[in-house]
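> For the sequence shown, the numbering used here assigns the number 294 to the initial residue and increments by one for each residue that follows.
Just so you know, the hints here were simulated from the structure itself, not pulled from any lab data.
Hints are all accurate, no fakes.
Derived DEER-like restraints, expressed as beta-carbon distance ranges:
hint: 1; residue 1: Arg386; residue 2: Pro460; range: 31 to 41 Å
hint: 2; residue 1: Arg377; residue 2: Ala430; range: 43 to 53 Å
hint: 3; residue 1: Ala373; residue 2: Val425; range: 27 to 37 Å
The C-beta atom is built at its ideal place from N, Cα and C for all residues, glycine as well.
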Amino acid sequence: MTRRPAQRAATGTVAPVPPATRASRPGWRDPRLWLGVLIVAVSVVAGARLLAAADDTVAVWAVAADAGPGAQLSAGDLVAHRVRFADGDDLGRYFSVEDELPGDLRLVRGVSAGELLPRAAIGDAEADADTVELPVAIDAEQVPGSVQAGSVVSVYLLGGRRDAGVPPLEDVTVVDAPALETTFGATTGRRQLVLAVPEAAAAAFLDALGRVDDPLLTVTRRD
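Turn these sequences into a full structure, and let the hints guide you.
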C-alpha cells in the first residue's frame, strides 16, 4: 500500500512568517527617559553632600608625647590630627595647623600624648616665673632607662627616714637628662636629671630632703 504525501494547508500555500521587530530606543519625549535622568541627578547631588559631610574636619595640632608643666615644645613635638567639632567655637580653644604658633611653646600644665594642644596650656614668661629648674642626682638603677628630656616623671623618697615628710615631686617634666657616661655619674653611678618644678614645690622638697641622712630617691616615668 502506498501513502500519499502530507497535504499542505487547505489553501495550498504556506502561511507567511511575520517579520522580526526590534526594540526601539525611547525618544527624548519618553517620560521614562526623564525619570532616569532625574534619578541620576539626585544620586549625584546626594553623593556630593555625603562626601562633603564626611570631610567636615579641621587639622589641629596635638602633642606627640606626654609633657608636663614647664616643658618647652617645638614643632617636632607636635602632630596634626583631623577633628570634627560639634560646636564651631570649640576650635578657638586649640591651635589649628593654619594658625601661627607662638614663639615660646612652654607648658603651664601637663598634657598627654595624643591630646590636642590647648591654648590655655601655653604660658608666657610671666606665667612661668614660678617654675624653676631643679637638678637631682639619683642612683642610676633607680632611673628608668627610657627617661629623657621631655619625659614626665615623679620622684619619691625610697630610703632614709620614713618620717622625714619629704613631699614627692609628682608629674614633673625632665628638662635635661644627660647620659650617664657624659657626666660625673660615670664614676659615681648616679644619674643627673634636671626637672622643671614649681618654685614652692622645689623649695619644700629640698628643705625636707636636707633633713634626711643618706636619702635614696627613685623615679617613675608616666607612660
